[in-house]
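All chains should be modelled from the sequences, with the hints used to inform the complete structure.
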Amino acid sequence: MSLELKNVEKKVGLDTHIYPTNLKLEKNTINILLGSTLAGKTTLMQIMAGLDKPTSGEIWFNNENVTGMKVQKRNVSMVYQQFINYPNFTVYDNIASPLKITGVKSDEIKQRVGKVAELLKLSGMLNKKPNELSGGQQQRTALARALVKDSDLILLDEPLANLDFKLREELREELPKLFENRDCIVVYATTEPSEALLLGGNTATLLEGKVIQYGKTLDTYNKPNTLVSAQVFSDPPMNIAKIKKSGDQCSFLQNKIQWKTKLNIKDGEYKVGIRPHNITTYKEGSNTLEIKGKVLISEISGSESLIHFTNGDLSWVSLSNGVFQKNVGDEMNLYMNTDEFVYFDQNERLISNG
Amino acid sequence: MNKTVNQKAWFFVIPVFVLVAFNAIIPLMTVVNYAFQETFGNNVFMWEGTRWFKQIMLSERFHASLGRQFLFTFIILFIQIPLGIAIALTMPKEGLGVPVCLVLMSMPLLIPWNVVGAMWNIFALPDIGFLGHSLNALGFDYNFTQQIGDAWFTTILMDVWHWTSLVVLLSYAGLRSIQPAYYQAAEIDGASRWAVFTKIELPKMKKVLTIAILLRFMDSFMIYTEPFVLTGGGPGNATAFLSIDLVKMALGQFDLGPAAAMSLIYFFIVLLVCWVFYTLMMRNEEKS
Chain D
1 MSLELKNVEK KVGLDTHIYP TNLKLEKNTI NILLGSTLAG KTTLMQIMAG LDKPTSGEIW
61 FNNENVTGMK VQKRNVSMVY QQFINYPNFT VYDNIASPLK ITGVKSDEIK QRVGKVAELL
121 KLSGMLNKKP NELSGGQQQR TALARALVKD SDLILLDEPL ANLDFKLREE LREELPKLFE
181 NRDCIVVYAT TEPSEALLLG GNTATLLEGK VIQYGKTLDT YNKPNTLVSA QVFSDPPMNI
241 AKIKKSGDQC SFLQNKIQWK TKLNIKDGEY KVGIRPHNIT TYKEGSNTLE IKGKVLISEI
301 SGSESLIHFT NGDLSWVSLS NGVFQKNVGD EMNLYMNTDE FVYFDQNERL ISNG
Chain L
1001 MNKTVNQKAW FFVIPVFVLV AFNAIIPLMT VVNYAFQETF GNNVFMWEGT RWFKQIMLSE
1061 RFHASLGRQF LFTFIILFIQ IPLGIAIALT MPKEGLGVPV CLVLMSMPLL IPWNVVGAMW
1121 NIFALPDIGF LGHSLNALGF DYNFTQQIGD AWFTTILMDV WHWTSLVVLL SYAGLRSIQP
1181 AYYQAAEIDG ASRWAVFTKI ELPKMKKVLT IAILLRFMDS FMIYTEPFVL TGGGPGNATA
1241 FLSIDLVKMA LGQFDLGPAA AMSLIYFFIV LLVCWVFYTL MMRNEEKS
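So the protein sequences, as listed, match chains D and L. Numbering-wise (our numbering), the first sequence opens with residue 1 and increments by one. Numbering-wise (our numbering), the second sequence opens with residue 1001 and increments by one.
One or more hints might be untrue.
Said to hold, decoys possible - Covered stretches of chain L, going by a simulated chain D footprint (3 or more residues, C-beta under 8 Å):
no., stretch
1, 1080-1090
2, 1174-1185
What the hints assert, rightly or not - Cross-link-like lysine-lysine pairs, in silico, BS3-like; alpha carbons within 27 Å at most:
no., chain 1, residue 1, chain 2, residue 2
3, L, Lys1204, D, Lys70
4, L, Lys1204, D, Lys129
5, L, Lys1204, D, Lys100
6, D, Lys129, L, Lys1207
7, L, Lys1206, D, Lys128
8, L, Lys1248, D, Lys129
9, L, Lys1093, D, Lys11
10, D, Lys128, L, Lys1204
11, D, Lys53, L, Lys1093
12, D, Lys100, L, Lys1206
Quick caveat, the hints were computed from the structure, so don't treat them as lab data. This one's a predicted model, so the numbers in the text were calculated from it and none came from an experiment. Using N, Cα and C, we set each Cβ at its ideal position, and we do this for glycine too.
Below is the structure:
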């Protein structure tokens, strides 16, 4: 089983929503579409599902051309950011609705709905209407509806975006389990890099209608093929600086801080990307580089602290473990782990990931 | 905790009291005054108790006009609500058609009520009106000034023309607020167009439809100007709805006592129906 996009392009009027894209998704995989809003995730999913037709290009499913085939004829299910359920159906009827339409026997419906409801912890509320449920439960109902019909392709369009933090964490942990042992392809759109890392599988980074990179999630994260892909897959944003290499010495163009490198490339100017968590208030790793920073903003996120700081022209973000607050304008020393630097050439293509 | 005493807040409340007194309470109390007394002019009044109320409640004339009123309201609701939804469903959802349709739809709502009556009167005249003349030319024996059926037909047609737009606009707003994802989900399920209407669109439009029905009920139950100009309540009393009958009694016959009693009864019927509606609406709200 596989889903293949061949040169799929989508234009609306003069705007190109999806640039020609080739993508092959394999059976039993979770595939994450990672990109900011308007990157084209939803459009791409709608094309995959058959809800929308590509302007040009083909979609192949199991070696069959399904371009332009109506969504009802494909075995697809979809979960949306909004909690989409039939408003005057009970939870049970909502979950059962895709089965009823396809004419499954009532005994079987009962058994399958029961099983899915248990999996999604909805057993106690099968007789309630969607508007009597919490947001999390409404989304669980929508997920149950998508899972109950054993689709070949399950599309999830930012399913956790409208949930509050606690519910999101809770459901996010359950998601990978839900898709285990299912004979299907899962496509999951999200704006959050951390969500992609948590779900694993494969990740495609998207920017402005282009798929920049597709591969195993960890590979995409560790070896971004371009600076853009690295930026999409980094939250808070990656810090970037121009550097100069001569011999085994590298230095930032802006502040002349130097470090030793084992990079085997010719001398010249390059770019370096440093993830925020590789700049910390403490030394980490064996090769650290000190940098003086002036605090711009200091904020706490969970059990980590973000410090936005400047050093000359550079305006960077650091992410350290622990909870602490710095005053605006404070001078402080920060430490960069040079082993984790990601080097790009002048055309922003990857040279080395540390 | 010590409470500070400050009576200055009354100055903010008093203007509202005065305003409400002048535009609601004083006129209403005048009517109440007339409803319980017999008046002989020169400020001579005699206490009559509930006599006028009994008289009105038992009068066949009141029963007849109340019956006509309910029949009229029921018919126009029965036509306008489904028709309004149907038109809203067929209206364009994007492009230039949207503003064009919205403006066209709002047109009848902007025309003053007595103008609507006059327009339809001329439009429907059997000899020179476009509608009346055409119907007669087609072989129908149509004359709304003489035949009861034709008078009702014309009044209802006029009200449908004038007010269906309101239902259309409300339904359209309700439909537009349904997120596209609902339609997609239904498409994925393979739901029929009818199922989409009954399982998604109608439940999602419930709130605006309740408001549409409430507004149309109130307006049509209190309708006066348009039928007054169109038919004047005739032929005979055939289209004398409650308000027309009331004005006839009060200003035509100058039966101030019974007319005052009747207007209070009228007022309580409207109030009662609105209260029932409102409570039902609120009960549904609480559930959701």
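Structure-based check of all given hints:
1. 1080-1090: Coverage by chain D is violated for the stretch 1080-1090 of chain L (0 residues, Cβ < 8 Å).
2. 1174-1185: holds (count 5)
3. L:Lys1204 with D:Lys70: The given pair, whose Cα atoms are some 26 Å apart, holds under the 27 Å limit.
4. L:Lys1204 with D:Lys129: Holds: L:Lys1204 and D:Lys129 sit about 14 Å apart, inside 27 Å.
5. L:Lys1204 with D:Lys100: 22 Å, holds
6. D:Lys129 with L:Lys1207: 17 Å, holds
7. L:Lys1206 with D:Lys128: Satisfied, since the Cα-Cα distance of roughly 19 Å is no more than 27 Å.
8. L:Lys1248 with D:Lys129: 52 Å, violated
9. L:Lys1093 with D:Lys11: Cα-Cα ~20 Å, so holds.
10. D:Lys128 with L:Lys1204: At roughly 17 Å apart (the allowed maximum being 27 Å), L:Lys1204 and D:Lys128 satisfy the hint.
11. D:Lys53 with L:Lys1093: 20 Å, holds
12. D:Lys100 with L:Lys1206: 25 Å, holds
Going down the numbered hints, you'll see the structure goes against 1, 8, while the others check out.
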